[in-house]
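Colleague: The chain contents come next:
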Amino acid sequence: MVPAIELDEAPVVLVIDDCPAIRRLLTAKLSASGYDVRTAADGHEGVEMARACAPSLILLDLAMPGMDGFEVLRELKQCPALMHTPVIVLSGSDDPCDKATGLDLGAADYVCKPFDAVELRARVRSALRIHRLMRLLAQRARLDGLTGLWNRSYFDERLESELGAHARSGEPVALAMCDLDRFKEINDAYGHPAGDAVLEGFARIIASELRAHDVACRYGGEEFAILFRGAGEAQARAALERIRARLSETVWPAHPARRVTASFGLACASPEFRTREALVAAADAALYDAKQRGRDRIATALIARPRAAG
Amino acid sequence: MSESSDREAIVSEFAGDPDMLELVEFFVGQMPERVRQLRQSFETGSLDELRTLAHQLKGAGGSYGFPQISESARRLEKQSEAAEFAEVRRGLDDLIDLCNRVRM
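Protein chains in written order, with our numbering: chain A, -1 to 308; chain B, 5 to 108.
It is worth saying that the hints were derived from the structure and are not from the lab.
You may find that some hints are simply not true.
Unchecked claim - Pairwise CB distance ranges (calculated):
(1) Ala52(A) <-> Gln44(B): 33 to 43 angstroms
(2) Ala8(A) <-> Gly33(B): 21 to 31 angstroms
(3) Ala8(A) <-> Asp21(B): 32 to 42 angstroms
(4) Glu29(B) <-> Ala8(A): 56 to 66 angstroms
(5) Arg40(B) <-> Ala120(A): 50 to 60 angstroms
(6) Ile128(A) <-> Gly33(B): 56 to 66 angstroms
(7) Asp23(B) <-> Ile128(A): 25 to 35 angstroms
(8) Ala26(A) <-> Arg43(B): 23 to 33 angstroms
(9) Gln76(A) <-> Gly33(B): 33 to 43 angstroms
(10) Gln44(B) <-> Asp93(A): 53 to 63 angstroms
(11) Gly33(B) <-> Ser29(A): 15 to 25 angstroms
(12) Asp93(A) <-> Gly49(B): 19 to 29 angstroms
C-beta atoms are modelled at their ideal positions from N, C-alpha and C, and glycine is treated no differently.
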């Protein structure tokens, strides 16, 4: 739930090469550097193993009987789970055309055989480093800068895919829209740093009360959204109640006498609320209810209730 | 070429590296089988197979500290593409000679 980039303890490196002497040498050299090395003796086996072991990096020979390295590269780049895995071509060919083809097909690097182990290891480290930075950037693009929760565009994507899963399997999905009550007053009375502290504090409370597979985001301004996966109304409501209570009890250093509360609108995916728009509208309507009924409370969208006109 | 220089042993550039000892041993130990495969592919006229064997030795030789083998194998790989019998024969003899002289 809390976004993080996991660092592999022993990154898996997959070697695809038809020459046993090369496989053996690479296994010894890379294992000594702390990599978990797997090997495949031809292209088909290589693609299969890549799918099965999801390696951090692939070392790929070009000239192999049957499926050659270029074909393997094309296949890998078409597979969503593997298209971003860095591939270093390790080939006996020093033909510039082969180098260009390999790099244009998406290889991260191209090393000629015979190879120098010191150089190869440095290139492996470099490819892994670049890959890690790219993942970090991709992740940062999905995060809210202030709170560290997911941002809205990522949340919308996830909500869409969870609703798809719900339609297929009936797995329950619940959506909560959460809004800090009278937040503008905090900003106006104590300044924006105090307002930011409240946003961050609320985000921390939300993050600590959710399960690992729930998704929380800053939806915009002082509004947050929570996607409860595999949770029915009762379970989601219980989590929201814990969040509500903890927020209302929190004492803020910048304004100890001024407590902060939030209102929550909850809607569960159902035949009536099966699209993202319908579910968000239902949760928003419930949130409006909670505000109307005095704030600092949770309201649930009722399936039987007529939809708002629109 | 005199008999003595011809039979001079070729030692891996990594001979002094304890991490490479076992690996070089493995590579050297493979040589008789490699030579047998090279001869066989030539004698049965399997030029494709000969080219593959040469290609692999090109990649592996220098990686195990035997750049002479990579160089000779690179020539044989090229020659076997042209399929000039005499040239291939010469290239093959050169590579086999080197392979036979490889020592720990």
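Colleague: State for each hint whether it applies.
Modeller: Now the hints, each set against the structure:
Distance hint for Ala52(A) and Gln44(B): a CB-CB separation of about 40 angstroms, consistent with the stated range 33 to 43 angstroms. Roughly 29 angstroms separates the CB atoms of Ala8(A) and Gly33(B), a value that falls within the hinted 21 to 31 angstroms. At about 24 angstroms, the beta-carbon gap between Ala8(A) and Asp21(B) misses the expected band of 32 to 42 angstroms. In this structure the supplied range 56 to 66 angstroms is violated for Glu29(B) paired with Ala8(A), their Cβ-Cβ distance being about 27 angstroms.
Distance hint for Arg40(B) and Ala120(A): a CB-CB separation of about 37 angstroms, inconsistent with the stated range 50 to 60 angstroms. For Ile128(A) paired with Gly33(B), a C-beta distance near 38 angstroms fails the hint of 56 to 66 angstroms. For Asp23(B) paired with Ile128(A), a C-beta distance near 27 angstroms keeps the hint of 25 to 35 angstroms intact. Taking the beta carbon of each, Ala26(A) and Arg43(B) are about 29 angstroms apart, inside 23 to 33 angstroms as hinted.
Checked against the hint of 33 to 43 angstroms, the pair Gln76(A) and Gly33(B) passes, with Cβ atoms roughly 41 angstroms apart. Checked against the given bound of 53 to 63 angstroms, the beta carbons of Gln44(B) and Asp93(A), roughly 28 angstroms apart, lie outside it. In this structure, Gly33(B) and Ser29(A) meet the distance hint of 15 to 25 angstroms, their C-beta atoms being roughly 20 angstroms apart. Roughly 26 angstroms separates the CB atoms of Asp93(A) and Gly49(B), a value that falls within the hinted 19 to 29 angstroms.
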